[in-house]
Amino acid sequence: MFRQLLITLGDYLIFLRQVFSKPAKWSVFLKKWVFEMDAMGIGSMLIVCIVSLAMGSVITLQTAIQIESGWIPSWTVGFVARTSIVMELCPTIISLLLVGNLGSRITAEIGSMRVTEQIDALEVMGINPASHLVLPKVLASLIVNPVLCVFSIAFALFGGFATVWITGCITTYHFIDGLTYCFRVYDVVYALTKTCVFAFVMSTVASFYGYRIEGGALELGKASTQGIVVSSFVILILNVVITNIML
Amino acid sequence: MIIVDNVSKYFGEKQVLHGINTQFEEGKVNLIIGRSGSGKTVLMKCLVGLFTPEEGKVLYSGREFHHLPDNEKLLLRKEMGMVFQGSALFDSMTIEENVTFPLDMFTDQSESEKLDRANFCLECVDLENVNKLYPAELSGGMKKRAAIARALACNPKYLFFDEPNSGLDPKTSLLIDELITKITHDFNTTTVVNTHDLNSIITIGETISFIYQGHLEWRGSSDNILTSDNATLNDFIYAQPLTQRIRPK
Ligand SMILES: Nc1ncnc2c1ncn2[C@@H]1O[C@H](COP(=O)(O)OP(=O)(O)OP(=O)(O)O)[C@@H](O)[C@H]1O
Ligand SMILES: [Mg+2]
Numbered sequence: 001m002f003r004q005l006l007i008t009l010g011d012y013l014i015f016l017r018q019v020f021s022k023p024a025k026w027s028v029f030l031k032k033w034v035f036e037m038d039a040m041g042i043g044s045m046l047i048v049c050i051v052s053l054a055m056g057s058v059i060t061l062q063t064a065i066q067i068e069s070g071w072i073p074s075w076t077v078g079f080v081a082r083t084s085i086v087m088e089l090c091p092t093i094i095s096l097l098l099v100g101n102l103g104s105r106i107t108a109e110i111g112s113m114r115v116t117e118q119i120d121a122l123e124v125m126g127i128n129p130a131s132h133l134v135l136p137k138v139l140a141s142l143i144v145n146p147v148l149c150v151f152s153i154a155f156a157l158f159g160g161f162a163t164v165w166i167t168g169c170i171t172t173y174h175f176i177d178g179l180t181y182c183f184r185v186y187d188v189v190y191a192l193t194k195t196c197v198f199a200f201v202m203s204t205v206a207s208f209y210g211y212r213i214e215g216g217a218l219e220l221g222k223a224s225t226q227g228i229v230v231s232s233f234v235i236l237i238l239n240v241v242i243t244n245i246m247l
Numbered sequence: 001m002i003i004v005d006n007v008s009k010y011f012g013e014k015q016v017l018h019g020i021n022t023q024f025e026e027g028k029v030n031l032i033i034g035r036s037g038s039g040k041t042v043l044m045k046c047l048v049g050l051f052t053p054e055e056g057k058v059l060y061s062g063r064e065f066h067h068l069p070d071n072e073k074l075l076l077r078k079e080m081g082m083v084f085q086g087s088a089l090f091d092s093m094t095i096e097e098n099v100t101f102p103l104d105m106f107t108d109q110s111e112s113e114k115l116d117r118a119n120f121c122l123e124c125v126d127l128e129n130v131n132k133l134y135p136a137e138l139s140g141g142m143k144k145r146a147a148i149a150r151a152l153a154c155n156p157k158y159l160f161f162d163e164p165n166s167g168l169d170p171k172t173s174l175l176i177d178e179l180i181t182k183i184t185h186d187f188n189t190t191t192v193v194n195t196h197d198l199n200s201i202i203t204i205g206e207t208i209s210f211i212y213q214g215h216l217e218w219r220g221s222s223d224n225i226l227t228s229d230n231a232t233l234n235d236f237i238y239a240q241p242l243t244q245r246i247r248p249k
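The listed protein sequences correspond, in order, to chains A and D. According to the numbering used here, the first sequence is numbered sequentially starting from 1. According to the numbering used here, the second sequence is numbered sequentially starting from 1.
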């Protein structure tokens, strides 16, 4: 079991070395990169926005209900909502959401290319398939995921604001006051760092599981699930590690 | 010319190829024949470097493929074209993009030059008006032909076909056979074809290597295959009622 884990880790590192080699042709690479950013970013925008709105709204409501006592100032609601949204909910939850969304897409795409011998075809042509297929995806997710994270933060905060405004549990003035209270740019840096690390894990692990499929279409489904489970698990562990290092 | 020198391949404990010795000649259609599971595809994948044989070597005009440094291996790979058993066209690209893809990667030709080349290759395989279609929109035989066009794009010196006419009707299968012969003679390529199609064996096999359970059992050409006295080979050739009727007494 432990030995198996080490072997997989070794395979993963060898895979990464293949992925990060110079593309054979820059113009082709750039084209693929832009294409991937478009496909990933636009495709996930809607779901990210909806989830963020709901998340921001719920976290604000819950905080407001918890601290409904006279001696806690009501701007605390905005402050707590902002802190949890920026520092934890958006980077981590949205990254996990994207693992299910983008990660499984990547595994399925690369895995089906493996099953139908398209990867072998690339190799016979003298092209490094790992770098040709995976590198644009990894670099695209390193840009797309942070951008989605920023959008998600904006939508979550707006969701919170809208909730306050509609329910009137506290005044919007106090809420905004709390949102801006003691704001540190470092929190955003921390959130984006996390997102980038998670994006890297998601795209490389998903590609890895797709790339090494042996067998037929049945394996594809299995690999997709495995990819999601493993990358979610790694993301959760790294979340703890990064938080310990950066805060 | 490709020389296969004592090639053995294992998967774990299981030995699939047992010291194969044969050669494939330039400007000729060279067949690898044998029953399903005899190791034809594995041998071909060893030739093109998708598998590395545990023993033996493969020589391309004197260059030992599996021990070349990476950059020379790449150069040699650019001289090879392969058509896979399942076509292996890139499904995210149109047929035209599939055929121009090797040109995009390895040449600095202008768009119009690439397009001309793609159209020429597609004409070679008798495919017209499919440039903008995706592989999923083609029939099996058209996919095979598109895959052949892609393999031709970079003017390869070595061409590999894995079962080019499996799953095709006799007529289309015949067309593909003619095409393979024509390409080989026109462009003087070293062509290696995996097949168990009897018709191809008799009509296009200029050299034939018969693989039986991973051993090279017999080597010859279409001229003497029907009259050989190798019992295993005869078992293979005259397995069907139709061929039994033409068996020379
Ligand atoms: N990747 C692999 N791992 C383990 N065994 C394999 C692998 N590929 C092929 N084999 C085994 O090698 C043997 C030869 O397979 P191969 O695919 O070369 O047959 P073939 O002659 O091409 O048959 P067909 O005409 O059906 O395509 C089979 O017994 C198969 O089980
Ligand atoms: Mg085969």
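Calculated directly from the structure, the hints in this document are not laboratory data. Virtual Cβ for every residue (Gly too), placed ideally from N, Cα, C. Incorrect hints may have been included.
[Claimed, not checked] 25 Å max Cα-Cα, derived PhoX-like pairs, lysine-lysine:
1) D:Lys45 <-> D:Lys143
2) D:Lys132 <-> A:Lys32
3) A:Lys32 <-> D:Lys114
4) D:Lys45 <-> D:Lys114
5) D:Lys78 <-> A:Lys31
[Stated by the list, open to error] Only part of the chain D face toward chain A is listed, based on derived beta-carbon distances under 7 Å:
6) Leu50
7) Phe51
8) Gly86
9) Ala88
[To be verified] Sample of chain D residues facing chain A (criterion: CB under 10 Å; computed from the structure):
10) Tyr10
11) Gly12
12) Leu75
13) Lys78
14) Met80
15) Phe84
16) Leu89
So, going through the hints one by one against the coordinates:
With a C-alpha separation of about 21 Å, the suggested pairing of D:Lys45 with D:Lys143 holds against the 25 Å cut-off. Straight-line distance between C-alpha atoms of D:Lys132 and A:Lys32 comes to about 19 Å, which keeps the hinted pair within the 25 Å bound. Note on A:Lys32 and D:Lys114: the hinted pairing holds, with a Cα-Cα distance of about 19 Å set against a maximum of 25 Å. The hinted pair formed by D:Lys45 and D:Lys114 fails the criterion: a straight-line CA distance of about 29 Å is larger than 25 Å.
Of the pairs offered as hints, the one joining D:Lys78 and A:Lys31 holds, with about 22 Å between alpha carbons and a cut-off of 25 Å not exceeded. With 7 Å as the threshold, the beta carbon of D:Leu50 comes within range of chain A, its nearest partner Cβ sitting at about 5 Å, so the hint holds. With 7 Å as the threshold, the beta carbon of D:Phe51 stays out of range of chain A, its nearest partner Cβ sitting at about 10 Å, so the hint is violated. Restraint check, D:Gly86 versus chain A: the minimum CB separation of about 6 Å is within 7 Å; hint holds.
Because the closest C-beta pair between D:Ala88 and chain A is about 4 Å apart, less than 7 Å, the hint holds. For D:Tyr10, the interface hint is violated, since its Cβ never comes within 10 Å of a Cβ in chain A; the closest pair sits about 16 Å apart. Among the interface hints, the one on D:Gly12 is violated; its C-beta lies about 13 Å from the nearest C-beta in chain A, farther than the 10 Å criterion. Taking 10 Å as the C-beta contact cut-off toward chain A, the hint placing D:Leu75 at the interface holds, the least distance being around 8 Å.
The criterion of a C-beta within 10 Å of any C-beta in chain A is met by D:Lys78, whose closest approach is roughly 5 Å, and the hint holds. Because the beta carbon of D:Met80 sits about 6 Å from the nearest beta carbon in chain A, less than 10 Å, this interface hint is met. The interface hint given for D:Phe84 is met, as the beta carbon of that residue sits about 5 Å from the closest beta carbon of chain A, less than 10 Å. Against a cut-off of 10 Å between C-beta atoms, the interface hint on D:Leu89 holds, since the closest Cβ of chain A lies about 8 Å away.
The structure shown violates the earlier hints numbered 4, 7, 10 and 11.
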